Amino acid sequence: MTTTIPTTAEAVPVGPGLSMFDPIFIGIDEFGQPVYLDVIYRNLLTAGEPGGGKSGLINNICGHAALCDNTRLVLFDAKLVELGPWRDLADAFIGPDIDQGIDVLRRLLVVATNRYAWLLANRRRKLADGDGMSVIVTIIDELAMFSTVLGTKAQQEEFSTLLRGLVSLGRACGMPVVAATQRPSWDIIPASLRDLFGYRAAFRCTSLNSSNIILGQGWAEQGYTASDISPTNQGAAYLLAEGGVPRRIKAAYLTDTDIYNIADYAAWTRRPTISTPTVNPTEWEMAA
Amino acid sequence: MSKSSPRRFAGRSTGTVTVIEAKVHRSSARNARMAFILTAVIVGLLAAVVAASSIHPILAVIVGALIGVPTGGLVWLLVRIWPVIRLLWWWTPETILGVVLLTAWVQLANHTPTVVTLIVVALVVGVPAAIRPVRRQVVAWGWCLVVRHRLRVCFAQFIIANQSGSLPLILWARPTPVGERVWVYLRPGLSAKDLEGRLDKIAVTCHASTVLIERASENNAAYLRFDIKRREVLTAHVGSPLVDVIDPTAPVSASPLTVPTALDLPDIDMPTVTLPTQGKPAGKKPAATTTANGSKPAASSASSVEDDDTSDWI
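As given, the protein sequences belong to chains A and B, one line each in that order.
To convert, note that position 19 of the first sequence is 19 in this note's numbering; the numbers rise steadily by one, no gaps.
To convert, note that position 77 of the second sequence is 77 in this note's numbering; the numbers rise steadily by one, no gaps.
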């Protein structure tokens, strides 16, 4: 992680004291009430047509995670610009490079396996807030790029397989996955991978079938279809999370300036202290 | 209003207006008769048994009859006028509000000169009307009163309940940012599933956009919550609280990026087809010599657009 920080900062950065174990504010529901999401023990899949507001939701979660204490970010964004502002905060930022993505996923799987060994040794089944272990949030924008476009067929399959491993393992060891794609049908994402995501957010779709693919079979017939969202109402979605019934939400919107401001502030609070320049950066990494 | 048998109810009771439906009226008469007999018999017997311990049994029977019959009569009366009591109960908030306002107006008019009366009225009415949040609150609570009656109309008019015609208990209502939320306790004969198919009709009756039904209790299927929506909040702009917890003057932190300069299609070489005249005319291409990916500049020999198009189709 290379950051260019001016040596003369006027103020002292104070972390906002957020935690990934806190519910994350993502917007309001149709009654104007705030909607919070517990991502820590769940995996979230957001989907919908381009321009629906997926990236807005992802940036909310990313912004929260960036401001959290003891939280690491692993970002995949083949489009670069959606998650790019957070690249200096992230432990890994993968652009359109599937080889690098596969390497990072392998590392994450090793970490997950090691954490389960640690949990077993400590007679536990799930990571908790007081364990002091970092939460590693993996956020993937445009998942279809990695599973269908970039690299060879074998690489795409390996990526999907590794991601399935991470999604199925990461839940209890503090390594949640948030993924966004446009249409998570079986030819783009294996159904076995898609069904592992417990939370779903369906932004505007053009057909009942597309909405059903995101939320699960049968919801459109009961009236919960993302095809009835107005195309001009960006950020409106159906969220299937706690409660078991999809509910209409409007995701909070962060402007580009907001995103960069949050990213700058988060980088500032996460930096190694400048007043002790003698400390080797590797020691900081070890301490972290 | 009962139209089917106006003579029977309105005719007998000398010009009174029938406010109870015929079905409810009949059911009420039957219930009242049953209640009279049961109460009179049970109370009479109990009274007789108790009285028999101190007086002669025949006298005790007479005492029992004297106590049982009037008690039965009281119960008969109560059951008979129950539909009217229920109707009064439905309109209790409006009645109380009306009485209070009217009394206040009369008292004010009697005790103050006209000018003062008018000023007070202007203040009481004008200030809430002028201040937007207060006005909204008043209107919202007004809708809460209205919507309870509209829901009752739904149940009475097109939602078939049970044989005795009893309506669900419409409990309290309170405003929400998008409309009202009303709690309803269903009577036997209805379920949330029955109502889900009629949500559009309920919305029409309540003069609303949509209506949602949710169970208000995990343990009791009869206890429901009606969400009546009149306004759409999902089109609003929603800000994030994260913006408030940061300091926007934080120093900019951005690792240097290698920015490619090949930002237009002609800047990128075609990977497979290598034709000598590919690319746009040189005049249209800015800074061809500075392409970051090492792409060769477009051939300056490309004389015309026609040549270009032809080569693309080959």
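Some hints could be false.
Chain B stretches covered by chain A per the calculated footprint, using a threshold of three residues with CB under 8 Å from any CB of chain A [stated by the list, open to error]:
no.: 1; region: 104-115
no.: 2; region: 237-244
no.: 3; region: 253-261
Listed next, with one range per pair, are the computed distances between beta-carbon atoms [what the hints assert, rightly or not]:
no.: 4; chain 1: B; residue 1: Asn220; chain 2: A; residue 2: Leu208; range: 16 to 26 Å
no.: 5; chain 1: A; residue 1: Lys126; chain 2: B; residue 2: Ser191; range: 30 to 40 Å
no.: 6; chain 1: A; residue 1: Lys126; chain 2: B; residue 2: Val146; range: 16 to 26 Å
no.: 7; chain 1: A; residue 1: Tyr116; chain 2: B; residue 2: Arg231; range: 24 to 34 Å
no.: 8; chain 1: A; residue 1: Thr257; chain 2: B; residue 2: Leu257; range: 28 to 38 Å
no.: 9; chain 1: B; residue 1: Gly239; chain 2: A; residue 2: Leu208; range: 48 to 58 Å
Calculated from the model, a selection of chain A residues having no Cβ within reach of chain B, i.e. all distances over 10 Å [unchecked claim]:
no.: 10; residue: Arg123
no.: 11; residue: Ser207
no.: 12; residue: Arg248
Keep in mind the hints are simulated off the structure, nothing from the lab.
The model shown is predicted, which means the values in this text are computed figures rather than measured ones.
Virtual Cβ for every residue (Gly too), placed ideally from N, Cα, C.
- Can you name, in rising order, the numbers of the hints this structure does not satisfy? Violated hints: 1, 4, 6, 7, 8, 9, 12; rest satisfied.
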